[in-house]
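Enquirer: Sequence:
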Amino acid sequence: MPMKERFAAPLAVLSLVLVLVLGVGCGSKEVAPANPEAARDQVVGKTWVLHSLAGRNVVGDEQLTLELRPDGTVAGHAGCAVFSGTYTLEGATLHLSSLAAVEEKICGPSQDEQQYTYLSFLGRVASLKLDGDALDLIMEESARPLEFSTSAPGLFW
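Note that my numbering has the sequence shown beginning at 52, numbered continuously upward.
The hints are simulated quantities; they were obtained by calculation from the structure and are not laboratory data. Heads up, some of the hints might be wrong.
[Said to hold, decoys possible] Computed list of lysine to any residue pairs in SDA-like fashion (alpha-carbon distance at most 25 Å, straight line):
1. LYS97 <-> GLY159
2. LYS97 <-> ALA126
3. LYS180 <-> LYS156
4. LYS156 <-> HIS102
5. LYS156 <-> GLU141
6. LYS156 <-> GLN114
7. LYS180 <-> SER161
8. LYS97 <-> ASN108
9. LYS97 <-> ARG107
10. LYS97 <-> SER149
11. LYS180 <-> ALA126
12. LYS180 <-> GLU192
13. LYS180 <-> GLU88
14. LYS97 <-> GLY111
15. LYS156 <-> PRO121
16. LYS156 <-> GLU192
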């Protein structure tokens, strides 16, 4: 049997298998959309600690926090005051509203300004981005987000 005829049948079978395997991956099946509740499951019910206020370092000894609660309310610590309000979360779209603060103590000018900025920025949040235990709250008019994590910074970082 000539060599050409000897490899023709196995080559034809191999070609057919490759076409079938590659064809399965090229189908027109739609990919199921990501779970729209995934962000809610990862964000709600955790205490988030602010690390960067739209590119600014957080000053003072008090942690600035944010907690989105399952009942649609938001609460947190703004430095010298605690705050509360409501939120809506649909996919990655987040809006915080009706924010009200109750002063716990008197702070210095830099912490007062930081608190005012933090609460003002929270009221302008339009969306969120999650990456593991990191949460960025994004304002439409700002290139820099509010950066949070679920853990406080350690002694050496």
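Enquirer: Hint by hint, note whether the structure agrees.
Expert: Against the structure, the hints come out as follows:
Distance hint between LYS97 and GLY159 is unfulfilled; the C-alpha atoms sit about 29 Å from each other, more than 25 Å. For the hint pairing LYS97 with ALA126, the CA-to-CA distance comes to about 11 Å; that is within 25 Å, so the pair holds. Simply put, LYS180 and LYS156 have alpha-carbon atoms about 32 Å apart, too far for the 25 Å limit, and the pair is violated. About 22 Å separates the Cα atoms of LYS156 and HIS102, which keeps this hinted pair within 25 Å; it holds.
Proximity of LYS156 to GLU141 is assessed by CA-CA distance (about 35 Å); at most 25 Å being required, the pair is judged violated. A distance of roughly 14 Å separates the Cα atoms of LYS156 and GLN114; the hinted pair therefore holds under the 25 Å criterion. With a CA separation close to 28 Å, the supplied pair LYS180 and SER161 exceeds the 25 Å bound. At roughly 22 Å between alpha-carbon atoms, LYS97 and ASN108 fall within 25 Å of each other, so this suggested pair holds.
Simply put, LYS97 and ARG107 have alpha-carbon atoms about 23 Å apart, close enough for the 25 Å limit, and the pair holds. Using a Cα cut-off of 25 Å, the hinted pair LYS97 and SER149 holds, with the two alpha carbons roughly 20 Å apart. For the given pair, LYS180 sits about 19 Å from ALA126 by alpha-carbon distance, which is consistent with the 25 Å threshold. Note on LYS180 and GLU192: the hinted pairing holds, with a Cα-Cα distance of about 16 Å set against a maximum of 25 Å.
At roughly 14 Å between alpha-carbon atoms, LYS180 and GLU88 fall within 25 Å of each other, so this suggested pair holds. Taking the CA atoms of LYS97 and GLY111, the gap is about 22 Å. The hint holds against a cut of 25 Å. Restraint check for LYS156 and PRO121: not satisfied, since their Cα atoms lie roughly 28 Å apart, outside the 25 Å limit. For the hint pairing LYS156 with GLU192, the CA-to-CA distance comes to about 31 Å; that exceeds 25 Å, so the pair is violated.
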